[in-house]
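Keeping their order, the protein sequence lines are chains A and B.
End of the first sequence sits at 238 in the working numbering; the numbers just go up one at a time, nothing left out.
End of the second sequence sits at 360 in the working numbering; the numbers just go up one at a time, nothing left out.
These aren't lab readings, by the way, just hints derived from the structure by calculation.
It is possible that some hints are incorrect.
[What the hints assert, rightly or not] These stretches of chain B come out as covered by chain A in the derived footprint (C-beta under 8 Å, 3 or more residues):
1) 38 to 49
2) 223 to 236
3) 322 to 331
No experiment lies behind these values; they were computed from the predicted model shown.
Just so it is clear, CB atoms sit at the ideal spot from N, CA and C, and this is done for glycine as well.
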Amino acid sequence: MSDCIKLTNDDPGKNPLSLRERVAAGRVRALPRSEELVTADALTPALSRGERVPEGEVRDGILTGFITKVAAAMTCAAGEETVIEWRRDRKGVLTGWCWLPCGESLLPAARAVAELKGRLAMVTAYLPERGKEKGEREIAYHFDLDGATLTLTVILPLQWARVPSLTPIFRNCDWQERELMELYDVQVVGHPDPRRLFLDHSLPHAPFERLVPYSTFTNAATGKALWDKVLAGEREDA
Amino acid sequence: MTTKIIELGPHQLALEEPMYFRVQLDGDRVADLDVLPGQVHRGMEHLVMRRNFYQNITLLERLCSLCSNSHPSTFCAAVEEVAGIAIPERAEYLRAVADEIKRIASHLFCCAVQANVIGETALFRRVMEVREIMQRAKEAIYGNRMDLAANVIGGVRYDLSAEGAAFLARQMEAMKQPLDELYLQYGNNPALLVRMAGVGVLPREAALEYAVVGPVARGCGIDYDVRKKSPYCAYDRLEFEVAVQEAGDVRARNLVRLAEARQSVSLIEQCLKGLPRGPVCADTLPEIPAGEAIAKSEAPRGELMYYLRTDGSDMPVRLKWRVPSYMNWDALKVMLKGEPVANIPLIVNSIDPCIACTDR
Chain A
1 MSDCIKLTND DPGKNPLSLR ERVAAGRVRA LPRSEELVTA DALTPALSRG ERVPEGEVRD
61 GILTGFITKV AAAMTCAAGE ETVIEWRRDR KGVLTGWCWL PCGESLLPAA RAVAELKGRL
121 AMVTAYLPER GKEKGEREIA YHFDLDGATL TLTVILPLQW ARVPSLTPIF RNCDWQEREL
181 MELYDVQVVG HPDPRRLFLD HSLPHAPFER LVPYSTFTNA ATGKALWDKV LAGEREDA
Chain B
1 MTTKIIELGP HQLALEEPMY FRVQLDGDRV ADLDVLPGQV HRGMEHLVMR RNFYQNITLL
61 ERLCSLCSNS HPSTFCAAVE EVAGIAIPER AEYLRAVADE IKRIASHLFC CAVQANVIGE
121 TALFRRVMEV REIMQRAKEA IYGNRMDLAA NVIGGVRYDL SAEGAAFLAR QMEAMKQPLD
181 ELYLQYGNNP ALLVRMAGVG VLPREAALEY AVVGPVARGC GIDYDVRKKS PYCAYDRLEF
241 EVAVQEAGDV RARNLVRLAE ARQSVSLIEQ CLKGLPRGPV CADTLPEIPA GEAIAKSEAP
301 RGELMYYLRT DGSDMPVRLK WRVPSYMNWD ALKVMLKGEP VANIPLIVNS IDPCIACTDR
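With the hints as extra help, turn the sequences into a complete structure.
Structure below.
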């Protein structure tokens with residue numbers, strides 16, 4: 001079982017689901033000014049290349065320091081009630097999970113991660129279980145903090161979902177956002193180059209939210225759809 | 001100076017998979033670049049949501065050939081994290097063995113292709129010949145030269161008998177001298193230096209900005225290896241140093257790969273020496289509950305990341321992964337800028353791009 005370390009800034013002992021739902025319920029706070037953001041030069045002491053990860057109390061001390069720094073930065077950026085739930089696996093690798101109630105708190109939170117020298121690792125857009133009933137969708141932004149992974153999950157409405165683009169802060173968010181824009185019905189505001197990335201223009205918008213036949217989905221699909229295309233091409237050539 | 005735009009396809013780029021580039025030229029030098037992916041987009045992330053966890057192990061292994069072991073092993077790690085499954089110690093070592101075998105073969109393939117691109121066909125043949133030792137090892141142990149089918153939820157589905165371990169140890173012994181010789185070749189051979197040193201440079205600051213990973217990042221002096229930063233499998237018990245070079249050019253990236261291949265030999269030997277006794281797979285598996293997890297691994301091309309979300313059924317609600325090549329493509333803009341057109345294929349191959357992985 002994962003070793004659970006919880007670090008909450010208000011009532012402790014809430015389970016993650018109720019916390020997540022509480023955030024979704026929309027208790028939005030005033031956003032902080034950027035000069036209030038916490039900066040950290042080195043989150044964890046650098047290991048020399050041959051060195052092993054420290055164990056026991058030393059490691060626990062380092063981890064607690066790290067968790068406190070990240071929590072302070074996120075609280076400062078996204079509001080007092082921002083809670084990060086940390087999980088530590090058997091090898092001591094940390095994953096932090098943090099839910100943001102709306103797209104607006106994403107930018108300050110992302111800036112705080114950038115200040116902590118975080119690296120954007122991946123962006124996952126998805127329709128959660130029972131998302132359609134509740135009219136909700138989520139986008140998870142996964143950041144690397146020197147080996148630990150911090151996931152900021154934004155809860156968005158199913159219809160007319162909008163998030164600010166993080167590409168101006170994390171350059172490699174460019175492709176991540178282009179991909180999520182073509183697969184899901186989400187508007188990324190302020191993306192510098194919102195062209196389709198992988199999908200052909202013959203495909204409908206947001207195919208992950210529609211029933212699209214697989215042979216239509218893949219350009220390289222074999223079967224009737226492909227042969228129709230090939231034959232149409234031949235007719236054009238003639 | 002005349003400015004024009006040319007389009008390059010896989011044939012001109014010397015890639016075995018389809019990727020298209022729109023290159024803006026200033027005279028005969030690259031001014032800007034637009035990467036046009038999607039030619040092998042198969043909707044894999046759509047498919048995995050319609051298959052159960054076991055079917056997905058098989059499907060993910062077929063995503064790509066060169067990192068085919070990294071995908072199922074990282075996916076299994078994500079499922080195990082959601083369900084709280086502890087894999088047996090022997091399985092941790094056997095997963096590391098499979099990963100390192102694939103790493104050596106993948107790195108050598110990349111170095112061989114680059115030798116071929118610059119017309120060093122004798123060296124190309126030599127590197128492929130050395131790689132063949134690894135291919136035969138895979139064939140003997142796993143019964144296949146590319147897809148090892150080594151992973152299963154809760155452990156691995158192969159075991160090393162005393163005979164198999166002795167065979168693998170002999171193959172590793174046979175790799176040492178050729179790998180040392182190749183490292184010297186790629187480091188010092190004047191014919192290679194003139195084509196690879198100072199070519200396709202990615203400065204360290206740009207590497208951080210573009211968030212590149214793997215040998216591309218380590219070739220720019222970024223000391224980041226998932227096996228050290230977020231240990232998994234048996235890597236917390238194995239001794240190795242992260243291979244780092246400072247120059248950020250094609251030569252540096254290849255030296256990182258060859259140093260890593262040599263270290264992989266040592267890692268496999270350490271695994272064979274310290275291989276604990278016991279089962280190779282967890283006995284009984286719990287039901288996979290609702291939850292979410294992140295799993296990471298150091299694939300041959302760098303950090304591979306999986307996000308899994310489950311709802312208590314046997315199919316994922318969402319399974320998303322990001323391959324190392326995904327960010328490395330964009331950094332080509334920096335590496336290619338100001339380079340002559342003739343250097344494009346070499347520099348593109350020096351990031352060891354994986355198109356099937358990028359497009360999914």
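Verification of the supplied hints:
Here the region 38 to 49 of chain B counts 9 residues with a CB under 8 Å from a CB of chain A, which clears the bar of 3, and the coverage holds. For a cut-off of 8 Å, the count of residues in the region 223 to 236 of chain B with a CB near a CB of chain A stands at 8, and the three-residue condition holds. With 5 residues having a Cβ less than 8 Å from any Cβ of chain A, the region 322 to 331 of chain B passes the three-residue criterion, so the hint holds.
Checked against the numbered hints listed earlier, the structure breaks none of them; every hint is satisfied.
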